[in-house]
Structures are given as C-alpha cells and as structure tokens.
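Sequence lines, in order, name chains A and B. Each residue of the first sequence is one higher than the last, beginning at 0 in numbering that gives the first Met the number 0. Each residue of the second sequence is one higher than the last, beginning at 0 in numbering that gives the first Met the number 0.
Check before you lean on any hint, since a few could be wrong.
Only pairs whose alpha carbons sit at most 27 Å apart, straight line, appear in this in silico DSSO-like list of lysine-lysine [to be verified]:
| no. | chain 1 | residue 1 | chain 2 | residue 2 |
| --- | --- | --- | --- | --- |
| 1 | B | Lys121 | A | Lys245 |
| 2 | B | Lys76 | B | Lys142 |
| 3 | B | Lys241 | A | Lys173 |
| 4 | A | Lys12 | B | Lys140 |
| 5 | A | Lys268 | B | Lys120 |
These are calculated hints, taken from the structure and not from any lab test. Being a predicted model, the structure only gives us computed values, none of them experimental.
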Amino acid sequence: MIQVNDIGKSYGKVEALKGISFSVDKGEIFGIIGPDGAGKTTAFRILTTLLLADKGEAFVDKLDVKRDFKKIRKMIGYMPGHFSLYPDLSVEENLELFASVFGTTIQQNYHLIEDLYRHIEPFKTRRAEKLSGGMKQKLALCCALIHAPKVLFLDEPTTGVDPTSRKEFWQMLKKLKAQGITILVSTPYMDEATLCDRIALIKDGRFLSVQTPQETVNRFNENLYETSSTDMFRLLTDLRKNSEVKDCYTFGASHHLLLKNDSSLEALKKKMLALGHQDIVIRPTEVTIEDCFMKLTKE
Amino acid sequence: MADVICVNGLTKRFGDFVAVNNITFSVKEGEIFGFLGANGAGKTTAMRMLCGLSFPSEGTGTVAGFDIAKQSEKIKKHIGYMSQKFSLYEDLTVMENIQLYAGIYGVEKETMKRESTALLKKLDFENKKDTLVSSLPLGWKQKLAFSAAIFHHPKIVFLDEPTGGVDPATRRQFWEMIYETAANGITIFVTTHYMDEAEYCNRVSIMVDGKIEALNTPKNLKEQFHVDSMSKVFDQLARRAKRGE
Numbered sequence: 000m001i002q003v004n005d006i007g008k009s010y011g012k013v014e015a016l017k018g019i020s021f022s023v024d025k026g027e028i029f030g031i032i033g034p035d036g037a038g039k040t041t042a043f044r045i046l047t048t049l050l051l052a053d054k055g056e057a058f059v060d061k062l063d064v065k066r067d068f069k070k071i072r073k074m075i076g077y078m079p080g081h082f083s084l085y086p087d088l089s090v091e092e093n094l095e096l097f098a099s100v101f102g103t104t105i106q107q108n109y110h111l112i113e114d115l116y117r118h119i120e121p122f123k124t125r126r127a128e129k130l131s132g133g134m135k136q137k138l139a140l141c142c143a144l145i146h147a148p149k150v151l152f153l154d155e156p157t158t159g160v161d162p163t164s165r166k167e168f169w170q171m172l173k174k175l176k177a178q179g180i181t182i183l184v185s186t187p188y189m190d191e192a193t194l195c196d197r198i199a200l201i202k203d204g205r206f207l208s209v210q211t212p213q214e215t216v217n218r219f220n221e222n223l224y225e226t227s228s229t230d231m232f233r234l235l236t237d238l239r240k241n242s243e244v245k246d247c248y249t250f251g252a253s254h255h256l257l258l259k260n261d262s263s264l265e266a267l268k269k270k271m272l273a274l275g276h277q278d279i280v281i282r283p284t285e286v287t288i289e290d291c292f293m294k295l296t297k298e
Numbered sequence: 000m001a002d003v004i005c006v007n008g009l010t011k012r013f014g015d016f017v018a019v020n021n022i023t024f025s026v027k028e029g030e031i032f033g034f035l036g037a038n039g040a041g042k043t044t045a046m047r048m049l050c051g052l053s054f055p056s057e058g059t060g061t062v063a064g065f066d067i068a069k070q071s072e073k074i075k076k077h078i079g080y081m082s083q084k085f086s087l088y089e090d091l092t093v094m095e096n097i098q099l100y101a102g103i104y105g106v107e108k109e110t111m112k113r114e115s116t117a118l119l120k121k122l123d124f125e126n127k128k129d130t131l132v133s134s135l136p137l138g139w140k141q142k143l144a145f146s147a148a149i150f151h152h153p154k155i156v157f158l159d160e161p162t163g164g165v166d167p168a169t170r171r172q173f174w175e176m177i178y179e180t181a182a183n184g185i186t187i188f189v190t191t192h193y194m195d196e197a198e199y200c201n202r203v204s205i206m207v208d209g210k211i212e213a214l215n216t217p218k219n220l221k222e223q224f225h226v227d228s229m230s231k232v233f234d235q236l237a238r239r240a241k242r243g244e
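If we strip away everything but chain B, and leave its shape as in the complex, we get:
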C-alpha cells in the first residue's frame, strides 16, 4: 500500500533548541498510527510540520502526496484535523458546523447537501441538526467533530488527544469510529495519553527529547522491551528523557 506520510530527517529548530531532531518514518494508507511521547517531547511541533502549519528547518517529506516544504496549502486541503480542545463552533448549530467545515474545504453545494443528510442519519442526529453545539453532550460533540474533520474525504486525519477527559464508554465508541474510518481507507494519525488506546493502533511511535526512540507494532514493542503493556514500554522510554519540558 502507498505511503500517506513519508518523512526523512525532519528537524525543527527554535534558536538553539532542537524541538524535533531528525525523525524519519512513514505511515501507510488505512493505517492507525499512534504518535506518542511525554509532554515536551516534540509531538506537537512534529505534527504542525506534517499539517503544513510550520516549515521544517531540515529534512524532507510528503503528506498525502504533497511536499511539506513547498506545498503546505495543498496539504491542508487533503488532510483532516481534530483536537479535543478546539474543533467545533459552540455557538453554531450542528448543521451550521457541518456547512462551515464543508465550505472551508470547498465541498460542492449539492454534494454537501446529500452527504450531510446521510451523515446526520448515520449519527442518529437528524432531530438535532438545529441544536446549538454548546448544548450537546461531550460524546456527541466528539462524534460530530470527528465526522466534520473527515467530511471532505481527506486521505489522512490527524487526531490530537481526541479522547481527553471523556468517559470510558464514550472513549471506546470513539475508537470504534476510528476503526471503521480506517477500514474505509482513511489513514489515522493519533496522539493520546491513554496507554490502552496505544494498544489499538497498528503501529506506534514514541518520541523522547525530539527523537523517535521506538516505532513498531504494540506487540513487537512489548516484546522488544520485555514488558506486558504499552504503559510499561512508555515508562521505560519516557524515563530516559533528559531535557526539561
């Protein structure tokens, strides 16, 4: 299968500080890729470069087939992004949020109408379409935010701690949506602080002090570090960190 992300020697410096230090990896189409690391390890900086929001100091790479150094605007059009902190406009209704996302990504009006109706039906949101997002329960918001982020059929969707603070049942429902989406060919790039969720990924990378110190399937990582959980793998690696946050 084709690589949706392929980066080589990616580095980002802020003055003397090397936030991301020479990372090389690729992510395949339809893969669920977990991007882990302690606070301050460089995950956010790396993700910003992959999303076309920041240019690398060194290194090359492509995301969704476009050059991260030269075609950042094209990248933005072909990816989806969702974070727990900000994804929906609280003072717009469910339908208005969908329209806004669709509009920003240039989805044609007819397509938008057809697909938004189908989406509301699929989410069982038909009688909520005129409800303000602020009054929806968190679990609903999360489903809607994810659906909005992939409304324009991106090749890849970046999920930045999508399940923080969510109750256990809702967190699991969300992961089932992720599985379904990946099965339909959309690549998932996800960060999380929940180590059980690391187990759900096809492959996981763990960043320490700006470098990718481990990258493999959860099963192989556990074997490599001779432990029985991803939580213990993470502990072993995160304790190696030298730089302050």
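Just chain A, with the same shape it has in the complex:
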C-alpha cells in the first residue's frame, strides 16, 4: 500500500532524512518510532504530498507522491502532530467541513467514527479550541477518517497523552485495522511499538531497523539483566565503574545491565555486596524495544 525508496530531504544544511526505504502492506499497522527531531514528520509530509523529497521516490497505493498528489490526497487521511483543525469552528462544524471538502457526509461514513465520536458528541457545539487535549485528538482522528480513507497517516497521535488514554487510542487503531484501513503511525513512546505489526526505529534521519517488534527484540542477541538494591542511584554509578559491566542504565523500578562476560555475574553481585549494597538482586530480564533502541543508537 505504501512503497518508499531511498527518500531524502534537507532543510538548508540540516539533513532531516538521509535516504529511508520501507514498504507497508494493506491492512498493516506500521510504526515509525523515534525521538523528536529524528525526521518522522518530514517523512509523513512527503508521503502525504505536502512536501517534495530531494531524492528518492514514494508511492501510496501505487500512486506517485510527486505526480499523482491530487489522487493521493483524496484517498488518505492525515492527522498531523500539531492540532490543525479550525479553532473557531465547533466540533460538529469541523467534522462537517472535512466531510464536505471530500464530497461526502457525516452520515455516509458514520460507522467508521461512531466509537470515537460518541466520546465527543456531548461537546459537539463547543468550539474546537476549547476542547481538552484528549478530546482534540479524538476529533482530529474523526476528521481524518470521515471520508473513509484507504490509508491513515497519524503523526504522533499520542504525544502528551496520559498512559491510560494512550492505551484506549491504540485499541481504536486496532478496530480501524480490522476494517481494512492501512495505518502509518509515528510515536516517541517505545512501549507503543509492540502494538504495531512492523516498526521502523528512526534516529537522526536514518532507519536503524525495519522489522516486526518480535524480530527487533530477537536481534538484541545478548543477555539482559535487571538489578536493584536499596540505593538505586549509587548502584548505578557503582556498576558503571565496574570493568565487567558493558552498560547499565535506569529502567523504571530496576536498572538494566549488560555484561561483557555473563560468567562474571556472581562475582559482580559479591562486589556490590562488598560496597555495602543491601538487598541486591541481579536476574535475567526480557528485552524491550526501548533496550533495542538504545543499543542501536550506541552502535
């Protein structure tokens, strides 16, 4: 459904995208995962025909983003990272406007937005600018869906959204996928990666990997440990000073630890005990996408 071959884009001296390639199948949820400034938005703007690439080519449903931009615009839905609805129109007016621009009506495709719209319907006469962040996000998705697009482009739809609302949002994406809509979505939240069919990890305009989340994790290919003691911050600095430790970083309630040689585990534990650490735990743990991202950016 989407085919991208070596697209690149520079803004003056800054090379925002350094030649990325990937393809997205019909009905797939494809995630572009990476921090701010990595080039996610540039990629989205090129694929939604709002920006021309300096090099490479890209196709959406076999249509060329450069030549066939008019056709592409009719068949895609785009939710930009920044709120870009009309602030002085009401919820309902925004939705009607988007429907009429695409030559359709709210009624015609109501089945696509029903679940979402139910949440914001009580506020349908409220001006869009007066909505809370979560409500704006739901309205923006409704507006992107109202013409029943084949492909949905969602640029950081969950940034600044609390963890519980983020989970609800992803449940909605799964329902849209079930209706056959192809979804390209970007996020800075690594935990959302596992909800995608395939993911590209992006940093500094380059893809670090393009795989399923499981393959990405499998490629980590090293034993990862979690460790804790009663003084977590000192444990971090003490472990980093140890010559057996390849890497150690905070990871929520524990630190994640990589060793140069796994056989040194017991000796390391003893050394930490000797340094006065209490209740020290070092045990194997599962690799997450966040671990993979950090490893790939360090390589």
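Could you slot chain B onto chain A? The hints should help.
Using the frame of chain A, we list chain B on its own:
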C-alpha cells in the same frame, strides 16, 4: 527535614467546575516528588497555584516558606520552572539565555559571571556559548533549560513534562541530572507521562478528577494496589475517572 511545599485543602473553582478539589499534601526538602494524573485531572491548575500564578478558591499553603495566597511574588523568586514546551529563547545564544534567566531572577553580575562560566564548563558547553539555542540538539537544550531554571538556586524546581518526545538515552541522562540536583538539596516537583520515570521518584501522587487519590512511595503504591508496576497503579486509578477531560 523541612517541608518545602505544604498545602491544606487546596481548591480551585472555575464557575461550577471544581478543577482542584481539596488537596492536602507536603513535599520535603531534597525530595523528588512525582505529580501524576490523567489529562484533565487538574495537575496543571494545581501546579499553577503552587507556582504563584493562580490563587486558590479555598485552602491554604506555603511554597518555599511563602504563603500561596498572599506572597505569590516572593514564591516566584524562590522557585524554578521548566517545561518541555517553553523554556529557552530559541533566537538567543546559550550565554544570552543564561544571562536573561539570571537577570530576571536578580542574580548579581559578578555571581552571574562566575557561575555561568562554571556551568558552561560543567555542561561541556564552553565552545557553544555563542551558539543560537535553535541550532542545539534537543538533549542539549533540555540540559541547558534545566540548568537555567535552577541557576538562581531555588529551593524547589517545578518540571512540567520535561522529557516528552526525548530519546531514551537523553531521557535517562536528564533523570541523572535530577538525582544530582536533588542530592544537592533542591526539591524536585515533576510531572510526567512516562511511568518508568514515576519509579524514579521518592514519592508519587496521582490525581483523579481533581483529587489526590493516592500518595506514597512507588514501592508502597505497588503493594497497596497489588501490582508490579507504576503503570498498572496508574491504570487502576485513571480508570476510576468520571469527569470528561
């Protein structure tokens, strides 16, 4: 240790809407205090009152030793504030930003000179001091913004989603700066949507529909809710929310 924040029955109404509903809590000197809640739970409104930017409808409290209802100007001088959205002037250089912050907070010229040199050295920014902030990588901006926010040695610094959108490695470096700052006695009051960061706090409060529904160490909260992560604690509480955002 002394309380840097101490509020009692703090309430804020906008017409019929009770944005913050009778919250009572205190934060100790040098503590890293996580202030969590779903979007729309009332965090921003509560924080604005603590920073002296908005007056409570009811309730009393002190921040950095000053009365939030009567001494808001004094509070502003004795706190630091940083948010991801706005903290530095992009079209000023690194040094100009430091000077501006120092000037606003009335830091003496000699002190400013001495401490800004030390700061640039500590951050390894010496050859960047005349660089426009707009051209710095995000991770650098963040370190600089945090350093500027605590340049005047406030008793407490408020961090409003300081790590949103930042890459995992930079996010961790930032938290190490937070630890270091707290160890030097500056109290940290931080909001975040990253639940792993909630685990780094000494204590965490979680707001639901304007009220503080939970307040304890991450360890105790996990025990209280019989779950193994702060993310699950948050889920259980946030799902109780009744009011729309």
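Now the hints, each set against the structure:
Between Lys121/B and Lys245/A the alpha-carbon distance is near 25 Å, which keeps this suggested pair within the 27 Å criterion. Distance hint between Lys76/B and Lys142/B is fulfilled; the C-alpha atoms sit about 21 Å from each other, no more than 27 Å. Under the criterion of a C-alpha separation no larger than 27 Å, the hint pairing Lys241/B with Lys173/A is consistent with the structure, at around 25 Å. A C-alpha spacing of about 20 Å is found between Lys12/A and Lys140/B, which places the hinted pair at or below 27 Å, so the restraint holds.
With a CA separation close to 36 Å, the supplied pair Lys268/A and Lys120/B exceeds the 27 Å bound.
Hint compliance for this structure: hint 5 alone is broken.
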